[in-house]
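Chains A and B, in that order, give the protein sequences.
Read in the numbering used here, the first sequence has 29 at position 29, and its numbers run on one by one without any break.
Read in the numbering used here, the second sequence has 88 at position 88, and its numbers run on one by one without any break.
No lab work stands behind these hints: they were computed from the structure.
Among these hints, one or two may not hold up.
As the list claims (entries may be wrong) - Cβ pair distances, simulated, as ranges:
1) B:His57 x A:Ser55: 27 to 33 angstroms
2) A:Arg80 x B:Ser58: 29 to 35 angstroms
3) B:Glu15 x A:Ser55: 26 to 32 angstroms
Unchecked claim - Derived DSBU-like pairs: lysine-lysine, alpha-carbon spacing no greater than 30 angstroms straight-line:
4) B:Lys70 x A:Lys57
5) A:Lys100 x A:Lys57
6) B:Lys26 x A:Lys57
7) A:Lys100 x B:Lys69
8) B:Lys69 x A:Lys57
9) B:Lys26 x A:Lys42
10) A:Lys42 x A:Lys100
11) B:Lys26 x B:Lys93
12) B:Lys70 x A:Lys100
Glycine included, each C-beta is placed from N, C-alpha and C at the ideal position.
Chain by chain, the residues run as shown.
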Amino acid sequence: EPEVTQTPSHQVTQMGQEVILRCVPISNHLYFYWYRQILGQKVEFLVSFYNNEISEKSEIFDDQFSVERPDGSNFTLKIRSTKLEDSAMYFCASRGAQGKGEQYFGPGTRLTVT
Amino acid sequence: SQQGEEDPQALSIQEGENATMNCSYKTSINNLQWYRQNSGRGLVHLILIRSNEREKHSGRLRVTLDTSKKSSSLLITASRAADTASYFCATDKTGANNLFFGTGTRLTVIP
Chain A
1 EPEVTQTPSH QVTQMGQEVI LRCVPISNHL YFYWYRQILG QKVEFLVSFY
51 NNEISEKSEI FDDQFSVERP DGSNFTLKIR STKLEDSAMY FCASRGAQGK
101 GEQYFGPGTR LTVT
Chain B
1 SQQGEEDPQA LSIQEGENAT MNCSYKTSIN NLQWYRQNSG RGLVHLILIR
51 SNEREKHSGR LRVTLDTSKK SSSLLITASR AADTASYFCA TDKTGANNLF
101 FGTGTRLTVI P
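Using the sequences and the hints, build the whole thing.
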């Protein structure tokens, strides 16, 4: 069964460094999302992406964040200058054009900013 | 915000018993979805109920939706130890398909 994959599974970085989190959505899906989950808290929407542009973004998704679909398979989240409070699990999700709206999530990348 | 809130926050039951989790939300929705998360893992979609539906079944899962009360419930029947996980409701605001998650219910099924 097709699945969303994410790399790396765990990323440790120093405050102020740039990180790129990578996702490979399910191949025939057209809608892509990033969410984050700070330890012990709820999953929060960051950004949605469709047709090579951002559809919607939350207040969390400020100028430090960017997303890109550099080729036909990868979907990336870049954090330009990481802060301690960016430490969280970051989940990528994708959704097909068919279906009713269910999203398929990757296993997540645990980002630790020290 | 339109995030859902689940209750209870934690639920512990014996294997074979039924587990009921509730979710409330604040704004109008297109659909409501339930997801499961095993510790430290990604979210797995369980079931989706549209705003014009009142009840859905999928295997041992039964979901109800009351849009007048802005609430939903997830019932897991004949629970198994493998059902131990956190369960989240997520609302899909009309037309956006961006999910807003609740705080989750941590279910423990004791063998």
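Evaluated hints:
1. B:His57 x A:Ser55: 27 to 33 angstroms: Between His57 of chain B and Ser55 of chain A, where Cβ atoms are some 32 angstroms apart, the hint holds.
2. A:Arg80 x B:Ser58: 29 to 35 angstroms: Roughly 42 angstroms apart at Cβ, these two residues miss the hinted range, so it is violated.
3. B:Glu15 x A:Ser55: 26 to 32 angstroms: The hint (26 to 32 angstroms, Cβ to Cβ) is violated, given that Glu15 of chain B and Ser55 of chain A are roughly 43 angstroms apart.
4. B:Lys70 x A:Lys57: Answer holds: Lys70 of chain B to Lys57 of chain A is near 25 angstroms, not above 30 angstroms.
5. A:Lys100 x A:Lys57: OK: Lys100 of chain A and Lys57 of chain A at ~21 angstroms, within 30 angstroms.
6. B:Lys26 x A:Lys57: holds (20 angstroms)
7. A:Lys100 x B:Lys69: holds (23 angstroms)
8. B:Lys69 x A:Lys57: holds (28 angstroms)
9. B:Lys26 x A:Lys42: holds (16 angstroms)
10. A:Lys42 x A:Lys100: holds (23 angstroms)
11. B:Lys26 x B:Lys93: holds (11 angstroms)
12. B:Lys70 x A:Lys100: holds (20 angstroms)
The structure is inconsistent with the numbered hints 2 and 3, although it conforms to all the rest.
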